[in-house]
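Participant: Letter by letter, the chains look like this.
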Amino acid sequence: MELTVQIGQSVLNALAYLGSLAMLSARAAYYAVVAPFHGKPIRIQRAISQAMQVGVRALPILSLITFFIGLILALQAAYELKKFGAMNFVASAVAISMSRELGPLITAVVVIGRSGSAFAAEIGTMKVTEELDALETMAINPVRFLVTPKFIAMAIMLPCLTIWANAMGVLGGSLFGVAKAGFTFSGYLHATADALFLRDIISGLVKSFMFGITITAVGCHEGLVTGAGAEQVGRSTTSAVVVSIFLVIAVDLVFTALFYFLGGQ
Amino acid sequence: MPSSPIQAQAPAISLRNLRVSYGDREILHGVTFDVQQGETLVILGGSGSGKSTLLRTLVGLERPTSGEIWIKGKNLATISDEQLDTLRRHMGMSFQGGALFGSLTVGENVALPLREHTKLEDPTIEIMVRLKLDQVGLSGYEDYFPSQLSGGMKKRAAVARALAMDPEILFFDEPSAGLDPIIAAGIDELILELKEAFHMTIIVVTHELASAFLIADRMVLINKGEVVALGTAEEMRTSTHPRVRQFLDRIAEPAVSQELDYLQMLTEDRHGNRR
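From first to last, the protein sequence lines are chains A and B. Quick note, the working numbering runs 43 ahead of the 1-based positions in the first sequence. Quick note, the working numbering runs 1086 ahead of the 1-based positions in the second sequence.
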């Protein structure tokens, strides 16, 4: 009896949490799409500088990581393919697993570490130092002012980063392909292009867009609900990272299943 | 300037039986008083007296559970968010720690409300910013970031930002908290200057007695969420009310000596009601 009550309570809490994430996303969407027509312009400048921070500055570390991931995928695929003498399938194995799954996912994890945590810390600190209250007393809506530019930046930059990550992964795979699987570099790229269908790439990009929304919603929500005191900012940042990773994987599962059953193959 | 404009006008702020709760804990138990146009009212009270909650409610950061707050003919307890935002353009608030935006320069901080709420051109805004910073004694600090300013300068910058929209009512939360006596005196001086120069209604929350007696036209003492006394500085000084005397004479809360009081304290629940 006690257990059922506890489980019920946890489920309710989780649903309430998801509800508040959805609410925050909806409000941000309102200020991004509807409000500009009512004379409340988007802070484009802020969105661009956020995009710079979230996207462009992430390129070096993301490139390195996804290059390694591509190389790892090639090695792992080769381990199995070698038994069948099918080393020429390494290119397609890397291309498909990168574009459908690992490109979006690794990009999301890197962005959670760099930006999801930063969002929570930034907004949480502003909450603790009464800057959010100051915004409100100046009749400036914190969601419009702080959260919406982040949503815009993330929704645009995450798919872009994912395309870049896919390319770097293929490059990583080609290193093995050229060195050990008997490909020429251009041959490897041809094999990659032949293996990929547009829907593989699109499904990855749709996922990465959803990841961007999820990470921003969690990061900003955790920041906004920060309690009093500096140690609470640390708590918000930690839970922003943990919750984001969990939710990104949950979203990944939902959309992968969706594509599988809708795509019919 | 008419000789006594204060009596002629309706009050700037009217509180009627204001109650505010956090969750199921009631902080303010029915507060009623008026703030006259152009007066400087100091809200005095110890830590946990509810004075900060009162201030947060006055600027619309907390919604009252019951009662009325009338400002410019609007009841803050019932108005919509849009109306509240309209009203807020006539109010300025200087927060305890300044609450300046760390990612913006001092100049951008002061310019922010102007950029958000007016259609002024950039050069005009720049002039306004310089003017406001000059008023608080910070000319030339436009391009500094808040982290590069001292505590007193941060407070001055925060006041400049609060003044940006030429508010009719200016709120101060603990203006001298965390400042050394000389800098704190400078802030008091600034409040007096603003009072002289603009005749705006100023509401200051503080527990600093020296500063309160220097700047206040009238003061109100809050204790345990209730108004204990309300009057001019002179009336407060000569008051015989035990709580007022205790606060003004800085007498520590007496150790519970009488057995009856002790018994009462033990049997009171958190809401101050007898069980």
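One thing to keep in mind: the hints can contain errors.
What the hints assert, rightly or not - Computed far set for chain A versus chain B, every beta-carbon distance over 10 Å: (1) A57; (2) Y73; (3) A75; (4) E174; (5) A182; (6) F240.
To be verified - In the DMTMM-like style, the derived pairs of lysine to aspartate or glutamate whose C-alpha atoms are separated by at most 20 Å in a straight line are: (7) K1205/B with D1171/B; (8) K1281/B with E1125/B; (9) K1310/B with D1167/B; (10) K1310/B with E1279/B; (11) K1160/B with D1220/B; (12) K83/A with E1125/B; (13) K83/A with E1202/B; (14) K1281/B with D1220/B; (15) K83/A with E1168/B; (16) K83/A with D1167/B; (17) K83/A with D1171/B; (18) K83/A with D1208/B; (19) K1158/B with E1125/B.
Claimed, not checked - Some residues of chain B that are not near chain A, with every Cβ distance over 10 Å (derived): (20) G1132; (21) G1153; (22) I1165; (23) M1177; (24) M1179; (25) G1183; (26) A1185; (27) F1187; (28) E1202; (29) H1203; (30) I1269; (31) E1294; (32) L1300; (33) R1331; (34) T1353.
Derived by calculation from the structure, the hints in this document are not laboratory data. The beta carbon of each residue, even a glycine, is placed where N, CA and C say it ideally should be.
Participant: Verify the proposed pairing of K1281/B with E1125/B, using a straight-line Cα cut of 20 Å.
Facilitator: Since the Cα atoms of K1281/B and E1125/B sit roughly 8 Å apart, the hinted pair holds (cutoff 20 Å).
Participant: Grab the minimum beta-carbon distance between A57/A and chain B and tell me whether it stays above 10 Å.
Facilitator: Nearest chain B Cβ is 22 Å from A57/A, so the label holds.
Participant: Is it the case that T1353/B keeps its Cβ farther than 10 Å from each residue Cβ in chain A?
Facilitator: Its Cβ never comes within 10 Å of chain A, the nearest being 31 Å, so this holds.
Participant: Please verify that the nearest CB of chain A lies beyond 10 Å from G1183/B's CB.
Facilitator: Check fails; 6 Å does not lie beyond 10 Å.
Participant: Taking the shortest Cβ-to-Cβ distance between M1177/B and chain A, state whether it exceeds 10 Å.
Facilitator: M1177/B is in fact no farther than 10 Å from some Cβ atom of chain A, at 7 Å.
Participant: Taking the minimum C-beta separation from A1185/B to chain A, is that value above 10 Å?
Facilitator: A1185/B is in fact no farther than 10 Å from some Cβ atom of chain A, at 4 Å.
Participant: Non-interface claim for G1153/B: all C-beta distances to chain A beyond 10 Å?
Facilitator: Its Cβ never comes within 10 Å of chain A, the nearest being 21 Å, so this holds.
Participant: Mind verifying the non-interface call on F1187/B? Its CB should be farther than 10 Å from each CB in chain A.
Facilitator: 6 Å, violated
Participant: Once the closest CB in chain A is found, is it more than 10 Å from R1331/B?
Facilitator: 33 Å, holds
Participant: Regarding the pair K1310/B and D1167/B, is the alpha-carbon distance no greater than 20 Å?
Facilitator: 29 Å, violated
Participant: Holds or violated: are the alpha carbons of K1205/B and D1171/B at most 20 Å from each other?
Facilitator: Status holds; Cα separation ~17 Å.
Participant: Quickly compare the C-alpha distance for K1158/B and E1125/B to 20 Å and report which way the hint goes.
Facilitator: Holds. K1158/B to E1125/B sits at ~15 Å (cutoff 20 Å).
Violated hints, in rising order: 4, 5, 9, 10, 11, 12, 23, 24, 25, 26, 27, 28 and 29; the structure is consistent with all others.
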